[in-house]
Amino acid sequence: MNTNVIEMAKKIVTLRLRRFAVSKNTTQLLNDAGIDHYKSKGQYVINRTDIDEIERYYTHLLGAPLVQFTRANNRIDATKTSNKEKSAKGGVFEALLSIVAYRELHLTTGVIPAGINVIISTQAESLITDKIERLVVIENSELLVQSERLIATLPEQWQSNTLVVYRGHGESQQQIKTLLQALKPNAQVAFYFDYDFSGMKLINAFMSYVSCPASIITPSHTDKQLKQLTNYENFSKQYLEGMHLLTRTKAAGTHHETVIHKITHWLKNYELAVTQEALVAHNTQLQSTPLNWKEHNK
54 MNTNVIEMAK KIVTLRLRRF AVSKNTTQLL NDAGIDHYKS KGQYVINRTD
104 IDEIERYYTH LLGAPLVQFT RANNRIDATK TSNKEKSAKG GVFEALLSIV
154 AYRELHLTTG VIPAGINVII STQAESLITD KIERLVVIEN SELLVQSERL
204 IATLPEQWQS NTLVVYRGHG ESQQQIKTLL QALKPNAQVA FYFDYDFSGM
254 KLINAFMSYV SCPASIITPS HTDKQLKQLT NYENFSKQYL EGMHLLTRTK
304 AAGTHHETVI HKITHWLKNY ELAVTQEALV AHNTQLQSTP LNWKEHNK
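For what it's worth, this note's numbering labels the leading residue of the sequence shown as 54, then goes sequentially.
Hints are computed from structural coordinates only; laboratory data are not their basis.
The model shown is predicted, which means the values in this text are computed figures rather than measured ones.
Misleading hints may appear alongside valid ones.
For lysine to any residue, the following SDA-like pairs were computed, each having C-alpha atoms within a straight-line distance of at most 20 Å [as the list claims (entries may be wrong)]:
id, residue 1, residue 2
1, Lys63, Arg109
2, Lys280, Arg301
3, Lys237, Arg301
4, Lys92, Lys237
5, Lys94, Ala74
Have a look at the derived ranges for each label pair, beta carbon to beta carbon [said to hold, decoys possible]:
id, residue 1, residue 2, range
6, Ile165, Tyr91, 47 to 55 Å
7, Thr123, Gln81, 35 to 43 Å
8, Tyr285, Gln199, 43 to 51 Å
9, His274, Val164, 35 to 43 Å
10, Thr311, Arg202, 29 to 37 Å
11, Ser179, Thr311, 45 to 53 Å
12, Leu70, Asn214, 32 to 40 Å
For each residue, glycine too, the CB sits at the ideal point set by N, CA and C.
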C-alpha cells in the first residue's frame, strides 16, 4: 500500500480539495478510487461527490476511517514519536495473512495439517505457494470464525482441498497481492465477496495480480429472498461507485472485465447489495463463474 497516496487522499478529504496538482500519486489515487476527472492547467478537477467517494473507498480499503490514517501503523515505529506504543493504529496481525486451511498448509517452517479449525496468521513469504492448489479469497474476516458454515455453502468444487484467506485491510492487503502473484500457473483461485458494487470493484482490482485460472462466487439466481436481504442504504451509498465501474469495464479488454461488467449491470438493474454474512446465514445457493479461463485455455 502506497502511504503517500493514502496521505494525499486524506488531505483531499480533510480540506475538501476539488483541485490538486497532477502527479504520480494523485493519478494513482483517482484511478484506484475509480474517479472520473479532467485536467485544467496542470491540475486535476473533481466534484464534491467525488471527494465523498474517495473517503468511502479508502476507508473501506484501510478498514478504518481515512481521516484517522497515520504512518505510525505499528507499535515499534510508533515509539519513535510517542512513548505510548498502544497509540499505534495498526493491530498486531494487521500486516499478516489470515488463513483457514481445509488442506495441508505448507510453510517454510513446516506443515500445518488440514482441519485443525484455527485461524493461521502468517506472511505471504512464509507460504510454499507451489503446494497451493485451490484458494478462496473472502472479503469479510468474520467468515473465518464461521468457516465451517462458509465452506458448507460454497459450490461443491470449492468445498475441499481449499485454503480460505481473508482479503485483508491496511498493510495486509499487500500480503494478499503478493500471494496472488506467487500462485503457480495451474492453481485455482476464487473470489467470494459481498454481492454489491464495492465487492465487484475490489475483485476487479485484485484480478490485476492474478495469472492463474480465477473464478467469482455469487448467488446462483435472484429471488425474493435475495431482494429481502438487500441493504438499500449500502446500495445507495455505492451507486456512484457502481456507475464508475460500469464505465471502466464497458470496453472490456479482458474476459474478467466482461464478467464483472455483466454482474455489476445485474446488481444495478435488480438493486441488489447483499453482504457475505447474509448469504451464509440464509444458506443462499451459490455458483462459481470463470473470470479468466478463456485466456488460460488459449
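Has the hinted range 32 to 40 Å been met by the Cβ atoms of Leu70 and Asn214?
49 Å, violated
Check the hint pairing Lys92 with Lys237 against an upper bound of 20 Å on the C-alpha distance.
Not satisfied, since the Cα-Cα distance of roughly 41 Å exceeds 20 Å.
Evaluate the given range 29 to 37 Å for the C-beta pair formed by Thr311 and Arg202.
32 Å, holds
Supplied distance hint 35 to 43 Å, evaluated on CB atoms of Thr123 and Gln81:
20 Å, violated
Given the hinted pair Lys237 and Arg301, is their Cα-Cα distance within 20 Å?
29 Å, violated
With respect to the beta-carbon atoms only, verify the hint that Ser179 and Thr311 lie 45 to 53 Å apart.
With a Cβ separation near 36 Å, Ser179 and Thr311 fall outside 45 to 53 Å, so the hint is violated.
Mind checking the hinted window 43 to 51 Å against the Cβ distance between Tyr285 and Gln199?
25 Å, violated
Given the hint that Lys280 pairs with Arg301, does the C-alpha gap stay at or below 20 Å?
26 Å, violated
Could you see if the CB distance from His274 to Val164 stays within 35 to 43 Å?
At 40 Å between Cβs, range holds.
Quick check on a hinted range of 47 to 55 Å for Ile165 and Tyr91, using CB atoms only.
52 Å, holds
Would the hint linking Lys94 and Ala74 be met if the CA-CA limit is 20 Å?
Answer holds: Lys94 to Ala74 is near 9 Å, not above 20 Å.
Hinted pair Lys63 and Arg109, Cα distance within 20 Å
11 Å, holds
Checked against the numbered hints given earlier, this structure breaks hints 2, 3, 4, 7, 8, 11, 12; the rest are met.
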